[in-house]
Amino acid sequence: MVFSLDLLTGALSFLLTLLVLSYLIGDNPLFRIATYVFVGVSAGYVAAVAWHYVLWPGLFLPLLTGAPQGRLLLLPPLILALLLLIRPIPSLTKVGGLSLAFLAGVAAAVAVGGAVMGTIFPQTRAVLTPFDVRSALAAGADPLERLLEGGIALIGVVSTLVYFHFTAQRRLEGNVRRSGINRAVAWLGRLFIAVTFGALFAGVYAAALTALIERISFLWTFLQSF
Amino acid sequence: MAEILCPACGKPNPDDRSTCQFCEAPLPTEETPSRESPSADGKPIHPGDAPVRIDTSELEPVLPQWLREARQQARAAAEEKEEQPSEEATETPSQETGGEENKEEEIPDWLAGLDAQREEEDEELPDWLASVQADIASAEDEESSTEKEEPPAQEAPPPSIEGLELQEIETGELPDWLSDLQSEQAEGDEIFQFPTAMTAETGETAFPAPSSFEESPSAEESGAEEPLSWPEGLAAPEEGASPEGAEGLPDWLETEGASSTAAEGESVEEEIPAWLRLSSEEEMQPAVETGGEEELPGWLADAGAQPEATSETPSPSADEEKGDALPDWLTVEEVSAEEHPKPPLLEEEGETLSEQAAGPVEAAVSAEEVSERDETLPDWLSDLREAGFAAAGEAEEKKETAPAADESAAESAGEAPEWLETLPAVEGGRIEPTETGTPPFMEQPSEGESVPAFVMDEGELDEEMEEIFAVEMPDWLSALSAEKEEEPPEGEEEGELSPAELPDWVQAMRPVEAVVPEEPVEGEAGTVVAETGPLAGLTGVLPARPGFGPLSKPRPHALKLQVTRGQQASASLLDDMLQGETAPRSVAAPSRPRSRRLLRWVLTALLFLVLAVPVAGETTLTPLPALRMAEIEAANGIINRLPPEASALVVFDYDPALSAEVETAAAPVIDHLMVHGARIVLLSTSPLGSHLAERVLSTLRDEHGYRRGEEYVNLGYLAGETSGILGFAADPVEVLPATTEGTPAWDTPPLRTVRALSDFDLIILLTDDAGTARAWIEQTASYRGETPLVTVISAQAEPMVRPYYEAGQVQGMVTGLYGGAYYERLNGLPGASRRYMDAFSLGTLVAAIALGLGGAWSLLLSRASRHEESDEE
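Keeping their order, the protein sequence lines are chains L and E. For what it's worth, numbering that gives the first Met the number 0 labels the leading residue of the first sequence as 0, then goes sequentially. For what it's worth, numbering that gives the first Met the number 0 labels the leading residue of the second sequence as 0, then goes sequentially.
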């Protein structure tokens with residue numbers, strides 16, 4: 000066996016994998032060491048990436064070598080970044096909030112706009128599209144199948160939305176209950192939600208199982224190298 | 000013994016008294032219907048009413064003519080005195096002068112009627128008094144010369160006489176001797192006060208004169224601060240300062256004395272009633288005391304000498320001389336005075352004096368002054384006075400004045416008339432009762448024993464008095480006696496007559512409590528007068544007393560809580576629940592974690608075994624997915640339709656934790672791209688994405704001969720997440736101008752034809768997060784154009800991304816290991832997915848079995864627990 004960098008990285012990977020798998024016996028220092036190493040290495044790597052790929056080429060390099068107009072345009076981001084840095088100071092926390100407010104406001108605006116234009120309208124149209132028999136025929140699809148598929152999707156969407164509709168009326172007996180139709184549709188929506196969560200759990204299990212298989216394969220491959 | 004608080008002075012009094020023993024104010028009694036006495040016009044007097052000034056001259060007509068004449072003479076003397084003020088000031092003592100001035104200044108308004116009375120002379124005189132006046136008129140001429148020679152002070156009536164006049168106005172129809180006593184009571188506060196009850200018993204006074212004085216504090220204060228001068232005048236002759244004391248006799252009295260000296264006594268005696276003869280002697284006493292013998296007529300001088308002689312030297316010779324000197328009528332009068340030495344009103348003098356002496360007057364009078372003045376008083380009166388003071392001393396336990404009083408009483412004992420000597424010895428102001436419980440003088444006299452008329456039985460006394468008044472009583476007095484007969488009993492007399500005869504201004508000065516009845520009295524309309532509080536005195540208020548509430552007795556309510564058995568059961572159940580909540584619970588032994596750990600180890604071992612065996616054995620037992628997967632086929636078709644040297648943007652937005660799954664699924668896709676010779680542009684919104692991208696390409700670039708900057712380029716990290724994605728979609732050149740190496744990215748062969756997002760031929764998104772996939776789908780929807788978007792995602796993100804595929808927003812999708820295996824099958828190039836497929840299938844099967852067994856075990860446990868609970872119940 001030739002000592003090489005791949006062997007060293009493979010050994011570290013093998014060791015860290017065993018440390019993580021030690022969580023099978025519960026929370027232990029070995030597992031904590033693995034997590035601390037992962038968090039530390041990740042943070043360092045992120046900081047390096049941020050400096051190398053964002054701050055230096057995007058802010059400081061233009062300020063030092065850019066045109067005057069470009070420098071002026073970079074002053075607001077610089078000030079906002081400095082305000083974020085002074086946020087840990089208790090007396091200046093509110094000043095640092097200005098940068099956070101700017102970031103939150105911009106992110107919210109972008110997210111809302113993208114959700115409306117990229118999710119709500121297209122998804123609403125997608126729910127109604129299967130009921131367009133003409134287009135289905137033009138596409139060569141089975142209209143009945145699309146209607147059935149579209150109907151199930153519509154029922155699933157409506158029933159799921161009804162399930163999250165919590166408006167109810169106060170009865171004469173004093174209790175508050177939703178109407179019978181509402182409760183029936185909500186019950187159906189709960190079924191769709193349960194199926195969705197089941198699919199999500201299956202996907203999570205499949206992802207985790209694939210990662211485990213990959214780790215076992217790595218361990219086996221590493222062990223086979225000796 | 001209960002006490003009654005005086006409404007005027009607020010001091011306690013015994014409940015058997017009708018008047019206050021301190022201020023002589025009438026005390027409230029149960030017989031008193033209401034203190035809200037009506038005024039003269041019949042209207043009730045309320046608190047706050049302004050006193051109305053009434054001319055008391057209305058009372059003047061009822062006075063006898065001789066009394067009005069006496070007043071007139073007094074006024075004439077006062078006018079003469081005003082004419083000679085300087086002489087009077089020099090010759091009269093200072094105190095006396097001051098007393099007179101004060102008297103003149105302090106004449107109350109009830110004396111205002113005197114002015115109006117001056118010119119009224121229309122009353123007819125009784126016969127007997129007319130004859131006396133005739134004698135007076137005849138003797139005036141004779142005495143006018145002597146009067147002119149007298150000093151001015153003699154012309155003015157002495158204070159005692161002036162006070163007598165004032166009291167006469169007040170008492171109205173009282174006889175002279177009683178008026179004299181009342182004058183002493185009203186003015187002689189320094190000596191003692193006759194109680195109102197005493198005067199009321201006589202029936203002569205129809206209104207409570209003392210109360211009128213006592214209710215005016217100014218009168219009391221003035222009387223206390225400025226002692227009246229007539230008692231001093233009484234003491235003046237004793238001191239022997241000057242004979243001026245005798246000059247204070249009124250004219251009418253002097254004329255009467257003159258008339259008596261004119262040897263007409265017998266004729267006068269025949270006309271004068273017996274009571275007046277008696278009173279004349281008593282009336283002479285102050286005159287004798289204050290006057291000298293020189294100026295007095297002979298008969299009066301003798302009468303005045305008698306007390307002096309008795310007081311100084313009570314010898315029998317003096318009596319004989321006196322008897323010799325006196326005229327016959329006066330002798331008879333003296334005898335009658337001995338027979339009737341004491342008026343009926345003095346029957347209770349012992350008690351009343353003792354009560355009066357206990358009052359505040361006692362503090363102002365010293366025993367010495369009393370003893371000195373007693374010498375000038377008649378013997379019987381001085382004895383009674385001393386007895387009263389002694390009684391007061393016993394009552395107040397202040398026996399400082401007792402020795403002097405006893406001594407004077409002892410001195411005068413020998414001078415007392417016979418009837419008075421028969422009285423029991425007064426010790427300490429108390430008359431020892433006899434065996435029958437009554438004083439000796441109140442008992443029935445024996446036959447032949449001469450007793451005064453007032454000592455006689457009441458019936459006999461009344462009869463005798465009726466006889467006297469029926470025969471010799473003047474007209475005005477007869478009318479009074481007739482009224483007296485018609486008067487109701489004493490209790491009603493006070494309640495009815497006293498308020499009716501009181502002037503309005505006196506009643507208006509009563510305190511509020513005197514107006515408000517002690518008990519609410521319902522009026523004619525059923526209204527109620529408020530007693531206390533801010534509504535005191537108002538009528539028609541709702542009474543705060545029983546009567547307006549429910550008349551029936553309130554229904555008793557049981558204090559015990561009445562509950563049913565069901566309520567008790569519920570309460571006990573609630574109590575048990577509360578106790579169960581508060582009671583400490585024993586913590587069960589942690590047995591289940593041990594079993595779970597064992598289960599965990601078992602499952603772990605099973606899973607590792609199932610996964611390791613296929614991996615280690617590199618088995619291909621599980622066939623590749625045969626079920627058609629349209630999304631994967633769409634992705635494969637898109638790549639297949641890419642033009643040569645197409646630019647494909649591959650976004651690595653997944654974390655290293657799930658890199659195995661994503662990379663397993665992405666490996667056949669990227670391999671497919673390289674097969675088609677597409678130029679690859681690497682990008683990542685995760686800081687670790689660029690390194691992962693390099694790692695994926697490192698395994699494939701050598702196989703396909705890809706070089707950095709030629710066939711692929713790495714733009715590196717795109718900061719800003721959603722905003723960064725939007726910015727990159729809007730202007731990719733501006734956002735990421737350089738590669739990870741720092742070289743201009745957009746001049747490289749992969750990006751040479753690209754200036755916008757829509758210029759890319761294909762966008763492949765590798766992500767394990769549905770949120771990241773949605774962000775890319777949403778933010779690039781408007782900038783993608785016709786560029787297809789293929790997602791290579793983790794299995795856990797598939798349920799969230801598939802709707803976008805179904806909606807046409809994502810044109811192809813490869814999901815997880817299963818999708819990668821399927822894609823490998825489409826490509827015909829087996830890869831890592833195929834190697835993991837057996838392990839993945841076994842692992843999924845084991846997981847399904849474990850889930851099934853776990854569900855069944857949980858079901859069994861739940862049923863077992865239910866059975867245990869049912870058994871326990």
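Please note: incorrect hints may appear among the correct ones.
Stated by the list, open to error - Counterexamples of contact, computed for chain E against chain L with all Cβ distances above 12 Å:
no., residue
1, Leu537
2, Leu626
3, Ser781
4, Gln795
5, Gly815
Stated by the list, open to error - The calculated label-pair distances, taken between Cβ atoms and stated as ranges, are:
no., chain 1, residue 1, chain 2, residue 2, range
6, E, Pro643, L, Thr64, 50 to 56 Å
7, L, Thr64, E, Thr618, 57 to 63 Å
8, E, Trp856, L, Trp55, 54 to 60 Å
Quick caveat, the hints were computed from the structure, so don't treat them as lab data. Cβ coordinates follow ideal geometry from the N, Cα and C atoms, glycine included.
Structure-based check of all given hints:
no.: 1; hint: Leu537; verdict: holds (54 Å)
no.: 2; hint: Leu626; verdict: holds (16 Å)
no.: 3; hint: Ser781; verdict: violated (7 Å)
no.: 4; hint: Gln795; verdict: violated (4 Å)
no.: 5; hint: Gly815; verdict: violated (5 Å)
no.: 6; hint: Pro643/E x Thr64/L: 50 to 56 Å; verdict: violated (39 Å)
no.: 7; hint: Thr64/L x Thr618/E: 57 to 63 Å; verdict: holds (60 Å)
no.: 8; hint: Trp856/E x Trp55/L: 54 to 60 Å; verdict: holds (58 Å)
The structure fails hints 3, 4, 5, 6 (numbered hints given earlier, in ascending order).
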